[in-house]
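Novice: These protein sequence lines are chains E and R, in that order. Going letter by letter, the first sequence gives residues 1000 to 1042 in our numbering. Going letter by letter, the second sequence gives residues 14 to 427 in our numbering.
None of these hints come from the bench; they were simulated from the model. The beta carbon of each residue, even a glycine, is placed where N, CA and C say it ideally should be. Don't take each hint at face value.
As the list claims (entries may be wrong) - In silico DSS-like cross-links for lysine-lysine, where the CA-CA straight-line distance does not exceed 30 Å: (1) K408/R / K206/R; (2) K268/R / K1001/E; (3) K1001/E / K286/R; (4) K1001/E / K327/R; (5) K413/R / K286/R; (6) K1001/E / K408/R; (7) K279/R / K1001/E; (8) K408/R / K279/R; (9) K268/R / K279/R.
Unchecked claim - Interface residues of chain E toward chain R, partial, derived using beta-carbon atoms under 8 Å: (10) M1000; (11) A1002; (12) A1017; (13) D1022; (14) I1024.
As the list claims (entries may be wrong) - Have a look at the derived ranges for each label pair, beta carbon to beta carbon: (15) L1019/E / E407/R: 43 to 51 Å; (16) D1022/E / A80/R: 34 to 42 Å; (17) L230/R / G1016/E: 20 to 28 Å; (18) F314/R / K1001/E: 51 to 59 Å.
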Amino acid sequence: MKAMFLAFVAMGILAVGADLALDRIGFSSSDRGSGADVRLDDS
Amino acid sequence: MVHRLLALLLVLCLGTGAVAQDGFTPSDPDRAATGGAQTLEDILARQEQLNVDDSFRSDLTGDPEAAAPTTGQLGTRGGASDPDLWRGLRYDTADVTTQVRGPAATTLIQDGGMRWLQLRDGPVAVYGGYLLLATIALLALFYVIRGRIRIDGAKTGRTITRFQAVERFGHWLLAGSFILLGITGLVSLFGRKAIAAFQSADNPENYERAREVYATLALASKWIHNNVSWAFMIALVLIFVMWVWHNLPDRTDIKWLAQGGGIFTKHHPPAKKFNAGQKLIFWSVIVLGTSISASGLSLLFPFELPMFAATFDKINALGVPGWFGFAPLETAFAPHVEMQYAQLWHAIVSFVLMAIIIAHIYIGSVGMEGAYDAMGSGEVEEQWAREHHSIWAEKVLTEKSAAPSGSAQATPAE
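Make the full structure from the sequences, and use the hints.
Specialist: Quick look at the structure:
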């Protein structure tokens, strides 16, 4: 059972890590769909 | 019949591409009366859902070389009229410059959206949903008829190690991520249909509340689906590397399949570490999982990884559509159409894999006594191993007995 729980924890870490990494390299929907001039956030 | 079956397989394999090629208008109508524009026949053919060869329009986007000189009395300002320009925009051949960035920003008009939506909300959702329900119903029926597959012989009280911790880690990483991806994918596909059930003129507040709940659920589903996908892809590689050697087909698989895996009999055909049924599951997961991952990556990085035009091009080059009497597959897609194909393919293949995995979950849990232990603790009852994986069990037990004293004994079951 330890391997199973470890896998689920790894899954969570990978998901959060992927979200942060993709956001940083500019692959959010807003990055792909619009230029910085028309975005409301400060990115 | 074989011809039709092959054609059906091709249609299924290629998603909608092949279908889109079916039903061209039989002959080019005479367009002299309309000056080359579309005719009543074109309109009627389109209303009959036939694909009209509209190259007579798509190619008519102006010819600057043929334009009258601007110095002439009736000279033009370039050779492309406004209708020519609009046709260029319509067929994505115009030279467009925009301030909006992004790979598909210069495609101002594309017409695949409605066809995609109708396929997604129609046949894909309907048949996909039925496939999952039918799988569950068949398994329930199987359970009623066959019951739980018990360990036939007397339990020994000893266990042997079936899967090491790293193997179980890889399996659960794949399983956990796939289940989450499956659920969130289904929420995305069926969610809006489900909340429509709350729509009622008598109690509009209920519907509003359901919409709010679904908005949150859909947002969370999208986040989970996009980000958990990486765990699935990593686990797919892990599983492949760890188990591919044990899943290569061999002669024992033929015997195992010939005896139906002993599912309906008390006789258990011999099997190595993985029996033929498990090998089929393994290769289904690897092949379909890779296909889902590829189309998923195409969706995850919009417009960056188009796959279908290139794939259809290769299929055309091999002449595959012609084998079944189809015209060559279309290969000139707007970037958005590539995404629509990727989404449809992603959903169709996912439904097939979900159905297979539901059966796998059944047999690995309630369907067979002792099966879950293999992935739970990694230790299986020796008698279970002898019955379901006799060749493997024999090999492991022989190796154990040949090992130096102290490590030779099978572990007593707790």
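Novice: State for each hint whether it applies.
Specialist: Verification of the hints:
Proposed proximity of K408/R and K206/R is contradicted: the alpha carbons are some 53 Å apart, above 30 Å. Note on K268/R and K1001/E: the hinted pairing is violated, with a Cα-Cα distance of about 36 Å set against a maximum of 30 Å. About 23 Å separates the Cα atoms of K1001/E and K286/R, which keeps this hinted pair within 30 Å; it holds. Our distance criterion of 30 Å between C-alpha atoms is broken by K1001/E and K327/R, whose separation comes to about 47 Å.
Proposed proximity of K413/R and K286/R is supported: the alpha carbons are some 16 Å apart, at most 30 Å. Between K1001/E and K408/R the alpha-carbon distance is near 27 Å, which keeps this suggested pair within the 30 Å criterion. Pair hint K279/R plus K1001/E does not hold up; C-alpha atoms about 34 Å apart against a cutoff of 30 Å. Under the criterion of a C-alpha separation no larger than 30 Å, the hint pairing K408/R with K279/R is consistent with the structure, at around 23 Å.
Restraint check for K268/R and K279/R: the C-alpha separation of about 16 Å stays at or below 30 Å, so the hint holds. Checking M1000/E against chain R by beta carbon gives a least distance of about 6 Å; that is within 8 Å, so the hint holds. Against a cut-off of 8 Å between C-beta atoms, the interface hint on A1002/E holds, since the closest Cβ of chain R lies about 4 Å away. A cut of 8 Å between beta carbons decides the hint on A1017/E: the least distance to chain R is about 4 Å, and the hint holds.
With 8 Å as the threshold, the beta carbon of D1022/E stays out of range of chain R, its nearest partner Cβ sitting at about 10 Å, so the hint is violated. A hinted interface residue such as I1024/E counts as satisfied when its beta carbon comes closer than 8 Å to some beta carbon of chain R; here the least separation is about 10 Å, so the hint is violated. Taken as a hint, the range 43 to 51 Å holds for the pair L1019/E and E407/R, whose Cβ atoms sit roughly 50 Å apart. At roughly 50 Å, the beta carbons of D1022/E and A80/R sit outside the given window of 34 to 42 Å.
Range check, L230/R to G1016/E: Cβ separation about 24 Å, and the 20 to 28 Å hint holds. Checked against the given bound of 51 to 59 Å, the beta carbons of F314/R and K1001/E, roughly 35 Å apart, lie outside it.
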